[in-house]
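Using the sequences and the accompanying hints, generate a full structural model.
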Amino acid sequence: MTAGWRFWIDRGGTFTDVIGRDPGGGLHVRKVLSVQPERPGDPAVNAIADLLAAAAPVGPGAGDPRSALEEVRLGTTVATNALLEHHGAPVLLLINRGLADLLEIGDQHRPDIFALAIEKPRPLQVRVLEVEGRLAADGSELEPLGLDEALADGVRAALADGYVSCAVALLHACRNPEHERRLAAWLEPFGFQRLALSHQLSRQ
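Numbering follows this note's numbering, with no gaps: position 65 of the sequence shown is 65.
There may be inaccurate statements among the hints.
[As the list claims (entries may be wrong)] Estimated spans, in silico, between C-beta atoms of each pair:
| id | residue 1 | residue 2 | range |
| --- | --- | --- | --- |
| 1 | Gly75 | Asp148 | 28 to 34 Å |
| 2 | Leu142 | Leu102 | 15 to 21 Å |
| 3 | Ile105 | Glu85 | 19 to 25 Å |
| 4 | Arg39 | Gly191 | 42 to 48 Å |
Just so you know, these hints were derived from the structure itself, not from any lab. Please read these numbers as outputs of a predicted model, since none were measured by experiment. Just so you know, even glycine gets a beta-carbon here, dropped at the ideal spot from N, CA and C.
This is how it looks when you write it as structure tokens:
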């Protein structure tokens with residue numbers, strides 16, 4: 001017996017598997033498509049909501065079904081498979097001026113330190129645009145954010161070439177996300193299908 005529901009989720013590229021254990025110890029299994037155009041929202045969240053709704057009492061005293069959640073654990077291979085197979089969508093990366101070659105340089109990790117012929121991994125399909133502006137390590141502004149027509153032309157060209165996903169990674173945004181937030185607001189009218197901001201994904 002547990003105080004609430006526990007859910008374990010495996011999110012794959014085609015299917016998402018959800019196993020729920022109710023407070024009485026009963027197991028409930030759902031297998032849903034990972035992409036559901038007819039139903040907005042995350043498929044795992046939708047499956048959890050369906051299970052809770054089916055099991056929850058109805059009426060004025062039913063309460064919020066989310067209060068019945070004790071634990072949710074999720075594992076996914078979507079990003080890993082996309083990276084390994086190079087099947088991910090092309091991404092436009094917006095980064096600070098001077099760091100355009102960061103993805104190519106990487107961290108200089110070399111599995112065979114004495115190899116004379118270095119075999120570099122196949123690069124991801126990423127286009128990089130540099131953004132004027134800089135924050136210090138403490139989050140204070142060293143240089144104001146520059147959102148000019150040249151940057152807009154680069155963004156429009158990327159969209160025309162099929163780069164419908166955009167990632168923003170600006171220095172020290174974990175200390176002060178203001179530049180990333182302003183850049184995201186500026187990018188909104190361009191209509192990217194996906195926009196990822198580094199300070200929302202990782203605080204490191």
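Consistency of the hints with the structure:
no. : hint                        : in the structure
1   : Gly75 - Asp148: 28 to 34 Å  : violated (43 Å)
2   : Leu142 - Leu102: 15 to 21 Å : holds (18 Å)
3   : Ile105 - Glu85: 19 to 25 Å  : holds (24 Å)
4   : Arg39 - Gly191: 42 to 48 Å  : violated (22 Å)
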